[in-house]
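Take any residue in the sequence shown, count from 1 to its spot, add 1: that is its number in this note's numbering.
FYI, nobody ran anything at the bench for these hints, they're computed from the structure.
Since this is a predicted model, take the numbers as computed values, not measurements.
Take these hints with a grain of salt, some might be off.
[Stated by the list, open to error] No more than 20 Å apart at the CA atoms, straight line, and that leaves these computed lysine to aspartate or glutamate pairs for EDC-like: (1) Lys138 to Asp64; (2) Lys20 to Glu87; (3) Lys138 to Glu156; (4) Lys55 to Glu86; (5) Lys128 to Asp151; (6) Lys147 to Glu100; (7) Lys9 to Asp39; (8) Lys138 to Glu87; (9) Lys147 to Glu68; (10) Lys31 to Asp64; (11) Lys51 to Glu68; (12) Lys138 to Glu122; (13) Lys9 to Asp83; (14) Lys138 to Glu150; (15) Lys51 to Asp83; (16) Lys78 to Asp151; (17) Lys51 to Glu6; (18) Lys55 to Asp39; (19) Lys78 to Glu68; (20) Lys78 to Glu126; (21) Lys51 to Asp19; (22) Lys55 to Glu68; (23) Lys145 to Glu126; (24) Lys9 to Glu35; (25) Lys50 to Glu6; (26) Lys147 to Asp64; (27) Lys51 to Glu87; (28) Lys29 to Asp39; (29) Lys145 to Asp64; (30) Lys20 to Asp39; (31) Lys5 to Asp39.
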Amino acid sequence: MTKKETSKLLSILAVAYDKFQVDSQGVKLKVWHELLRDIPYQVAQLAAKKLILKSPFPPVIADIRREVASIATSQDKVTATDAWEEVVNAIRYYGYYREKEALGSMNSLVARTVRAMGWREICLESKIGVIRGQFIKMYGQLLKRKQEEDLLPIELRESIRLISEGELKLKESVS
Numbered sequence: 002m003t004k005k006e007t008s009k010l011l012s013i014l015a016v017a018y019d020k021f022q023v024d025s026q027g028v029k030l031k032v033w034h035e036l037l038r039d040i041p042y043q044v045a046q047l048a049a050k051k052l053i054l055k056s057p058f059p060p061v062i063a064d065i066r067r068e069v070a071s072i073a074t075s076q077d078k079v080t081a082t083d084a085w086e087e088v089v090n091a092i093r094y095y096g097y098y099r100e101k102e103a104l105g106s107m108n109s110l111v112a113r114t115v116r117a118m119g120w121r122e123i124c125l126e127s128k129i130g131v132i133r134g135q136f137i138k139m140y141g142q143l144l145k146r147k148q149e150e151d152l153l154p155i156e157l158r159e160s161i162r163l164i165s166e167g168e169l170k171l172k173e174s175v176s
């Protein structure tokens, strides 16, 4: 989204909400643009309109990003139960020995969960209810983490990754 489009988005919000004000110095525009520029304008506008219809209070940046994420992922949401069904179907079709093919047939988050738990361990577990419960819990945790990451702008996500990998050093100032 361009700065001009961000300005249009803020104007829409200002018209819809009397108390939503855009400052004369452009600080609000600058911050909103920096944190929303990775989102296409049409999607951000749709999210803003949905929020206008849902809430009597003006949205903040996090509300817009959350609504964009819900719009973008509404088609490919896989519940924990659906994810477990994928695993069971893969076990039936590919069996114990064709792990690579089985993982390739799954949704990426489902495959990530299976890799974390171990394909062979899942296949050989005699207490299916226990392994299902563990899978659903782990899948839920990974899904929540992915959803939180998806709310962040791409540049911010990359900076966090670099810091966590130690490539970008935090500066400490001593007073």
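Evaluation of the provided hints:
no. : hint             : verdict
1   : Lys138 to Asp64  : violated (27 Å)
2   : Lys20 to Glu87   : violated (48 Å)
3   : Lys138 to Glu156 : violated (30 Å)
4   : Lys55 to Glu86   : violated (34 Å)
5   : Lys128 to Asp151 : violated (35 Å)
6   : Lys147 to Glu100 : violated (24 Å)
7   : Lys9 to Asp39    : holds (16 Å)
8   : Lys138 to Glu87  : holds (16 Å)
9   : Lys147 to Glu68  : holds (15 Å)
10  : Lys31 to Asp64   : holds (17 Å)
11  : Lys51 to Glu68   : holds (8 Å)
12  : Lys138 to Glu122 : holds (16 Å)
13  : Lys9 to Asp83    : violated (40 Å)
14  : Lys138 to Glu150 : holds (19 Å)
15  : Lys51 to Asp83   : violated (28 Å)
16  : Lys78 to Asp151  : holds (13 Å)
17  : Lys51 to Glu6    : holds (18 Å)
18  : Lys55 to Asp39   : violated (24 Å)
19  : Lys78 to Glu68   : holds (14 Å)
20  : Lys78 to Glu126  : violated (27 Å)
21  : Lys51 to Asp19   : holds (17 Å)
22  : Lys55 to Glu68   : holds (11 Å)
23  : Lys145 to Glu126 : violated (26 Å)
24  : Lys9 to Glu35    : holds (15 Å)
25  : Lys50 to Glu6    : holds (15 Å)
26  : Lys147 to Asp64  : holds (17 Å)
27  : Lys51 to Glu87   : violated (33 Å)
28  : Lys29 to Asp39   : holds (17 Å)
29  : Lys145 to Asp64  : holds (17 Å)
30  : Lys20 to Asp39   : violated (26 Å)
31  : Lys5 to Asp39    : holds (14 Å)
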